[in-house]
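Chains as they are written, first to last, in our numbering: chain A, 8 to 236; chain B, 39 to 183.
Rather than coming from a laboratory, the hints here were simulated on the basis of the structure. Do not rely on the hints blindly, as some may be mistaken.
To be verified - Using 20 angstroms as the maximum straight-line C-alpha spacing, the simulated EDC-like pairs for lysine to aspartate or glutamate come out as follows:
#1 B:K49 to A:D12
#2 B:K49 to A:E96
#3 B:K49 to A:E203
#4 B:K101 to B:D130
#5 B:K52 to A:E96
#6 B:K101 to B:D146
#7 B:K45 to A:D133
#8 A:K148 to A:D133
#9 B:K45 to A:D186
#10 B:K49 to A:D81
#11 B:K45 to A:E203
#12 A:K215 to A:D186
As the list claims (entries may be wrong) - Label-pair distances were calculated between CB atoms; the ranges are:
#13 A:K128 to B:V70: 18 to 26 angstroms
#14 A:S86 to B:W66: 15 to 23 angstroms
#15 B:S80 to A:T30: 54 to 62 angstroms
#16 A:T109 to B:V70: 33 to 41 angstroms
#17 B:D42 to A:R69: 26 to 34 angstroms
#18 B:W66 to A:S87: 15 to 23 angstroms
#19 B:V56 to A:N184: 34 to 42 angstroms
#20 B:A83 to A:S86: 30 to 38 angstroms
#21 A:E129 to B:S80: 41 to 49 angstroms
As the list claims (entries may be wrong) - Covered stretches of chain A, going by a simulated chain B footprint (3 or more residues, C-beta under 8 angstroms):
#22 87-99
#23 217-229
It should be emphasised that the depicted structure is a prediction, and the values quoted were computed from it without experimental measurement. Where is the CB? At the ideal position from N, CA and C, for every residue including glycine.
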Amino acid sequence: MNGNDHLIEIQDLGREYMAGDTTVSAIKEMSFFIDDGEFVSIVGQSGAGKSTLLAALGGLNRPTRGNVWVDTMDLYGLSSEQRADFRSEYVGFVFQSYQLITYLTAMENVKIPLSIAGVKKEDQADMAAVALEKVGLQDKKNRLPDQLSGGEQERVAIARAIVNRPPIVLADEPTGNLDSKTADDVINLLKQLNQEGQTVIMVTHNKKLCQHTDRTVHVRDGLCVIGEG
Amino acid sequence: MAYDLEKYRDKREKVLGVRKKGISFGVWAATVSAIIIVGLISMVAPKSIAYFTTRNLDDVIYKLSGDQSWPQDVIHTIATLKGIKYAVADKDGARLVVTFDRSITDIDSLSSFFKENGYHAVLLNVVSHRQRVQTEREEAELETL
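Chain A extracted, bound-state conformation:
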């Protein structure tokens, strides 16, 4: 791998934390790739290193060793300002706990990445409306998060992740807080985004969700055990 053959390439990735005097290896050694347009699930038990891996992919967590290439760019060879631009341009994050701002409406929450990316104010409302329509919440755009159900809040979070049309959507346990019916809706929404061309990487501990994805990377004790590219 040299960073030029796939949308995302990970080589010899390692990440260690200090917990008091103890060194914890969240990621021992991982190498795999993800192609443009894939829907990949990263599966493993709690503490296996899934979220650390996702954060490293999103430019949020500098690995102790190894490389992450995205669109030929060595992510951790970029300056912190460039990496911030990378996150703004390339990645939409969807979190298990939604991470919506409670005093902003759905529409205002969705507009946040556009403000950060420097999109003109007159374009922001249109783009946010399109994203909310895509997740089926155009009629609830003026509601505050606590006036929405869990599934609806997750869909607002997805709208916020895709509003800037990033090539990559990183979803960390997107169905973790949802009942099975709502979880199916969210998975179908992610599948739809993927069919429209976005690369979706979903971290989950629920192996049943893997049937919806093109490929599964199994993570155990900081190692890829099955399914690496």
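Go by the hints and put chain B onto chain A.
Same frame as chain A, but now just chain B:
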């Protein structure tokens, strides 16, 4: 299938800074600061330089007894003495104004020079060079009114 390097070229160039995203606040701030600093320097620097180059200069004014004119060769010779900055005769040539650096020479040295060369020079005044230049400037302005 080979990876399409062109697909996200715009985004990549934006991240890598190949494509300019407009002038950042930092660049604006630096430019405005530079303009202010250069402006202040251009206002203050000439005065500072003038102050430091003239702070040790005094002017001494002589006339020759009998109201004779100062010979040009004497003026040139005085101008070459150590510590003498300028030596110029007044309009009618009767008064000699010598600008000297008081950290290098003094009036006694000039008096000795005149005595050794047989000139009966009468000391009329000693004044700070800066003050005399200022006075001359004010007089010139009054004459133009």
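Hint check:
A C-alpha spacing of about 18 angstroms is found between K49 (chain B) and D12 (chain A), which places the hinted pair at or below 20 angstroms, so the restraint holds. Distance restraint check for K49 (chain B) and E96 (chain A): the Cα-Cα separation of roughly 6 angstroms lies within the 20 angstroms cut-off, and the hinted pair is therefore satisfied. Restraint check: the Cα-Cα separation between K49 (chain B) and E203 (chain A) comes to about 18 angstroms, which is no more than 20 angstroms; the hinted pair holds. With a C-alpha separation of about 11 angstroms, the suggested pairing of K101 (chain B) with D130 (chain B) holds against the 20 angstroms cut-off.
Between K52 (chain B) and E96 (chain A) the alpha-carbon distance is near 8 angstroms, which keeps this suggested pair within the 20 angstroms criterion. A hinted pair counts as satisfied when its Cα atoms are at most 20 angstroms apart, and K101 (chain B) with D146 (chain B) qualifies at roughly 16 angstroms. A distance of roughly 24 angstroms separates the Cα atoms of K45 (chain B) and D133 (chain A); the hinted pair therefore is violated under the 20 angstroms criterion. For the given pair, K148 (chain A) sits about 12 angstroms from D133 (chain A) by alpha-carbon distance, which is consistent with the 20 angstroms threshold.
In summary, the hint linking K45 (chain B) to D186 (chain A) is not supported, as the alpha carbons are separated by about 37 angstroms, beyond the 20 angstroms threshold. Restraint check for K49 (chain B) and D81 (chain A): the C-alpha separation of about 15 angstroms stays at or below 20 angstroms, so the hint holds. Pair hint K45 (chain B) plus E203 (chain A) holds up; C-alpha atoms about 15 angstroms apart against a cutoff of 20 angstroms. Between K215 (chain A) and D186 (chain A) the CA atoms are separated by roughly 14 angstroms; this keeps the pair inside 20 angstroms, and the hint holds.
The supplied range of 18 to 26 angstroms is met by K128 (chain A) and V70 (chain B), whose beta-carbon atoms lie about 25 angstroms from each other. Separation of S86 (chain A) from W66 (chain B) is about 20 angstroms and conforms to the stated range, judged on CB atoms against 15 to 23 angstroms. Taken as a hint, the range 54 to 62 angstroms holds for the pair S80 (chain B) and T30 (chain A), whose Cβ atoms sit roughly 59 angstroms apart. Taken as a hint, the range 33 to 41 angstroms holds for the pair T109 (chain A) and V70 (chain B), whose Cβ atoms sit roughly 39 angstroms apart.
For D42 (chain B) paired with R69 (chain A), a C-beta distance near 28 angstroms keeps the hint of 26 to 34 angstroms intact. Range check, W66 (chain B) to S87 (chain A): Cβ separation about 21 angstroms, and the 15 to 23 angstroms hint holds. Taken as a hint, the range 34 to 42 angstroms holds for the pair V56 (chain B) and N184 (chain A), whose Cβ atoms sit roughly 41 angstroms apart. The hinted window of 30 to 38 angstroms between A83 (chain B) and S86 (chain A) holds, with their beta carbons roughly 37 angstroms apart.
For the pair E129 (chain A) and S80 (chain B), the beta carbons lie near 42 angstroms from each other, so the given range of 41 to 49 angstroms is met. For the segment 87-99 of chain A, the assignment as covered by chain B holds, since 5 residues bring a beta-carbon within under 8 angstroms of that chain's beta-carbons and 3 suffice. Counting residues of the segment 217-229 of chain A whose CB falls under 8 angstroms from any CB of chain B gives 0; the rule of at least 3 is not met.
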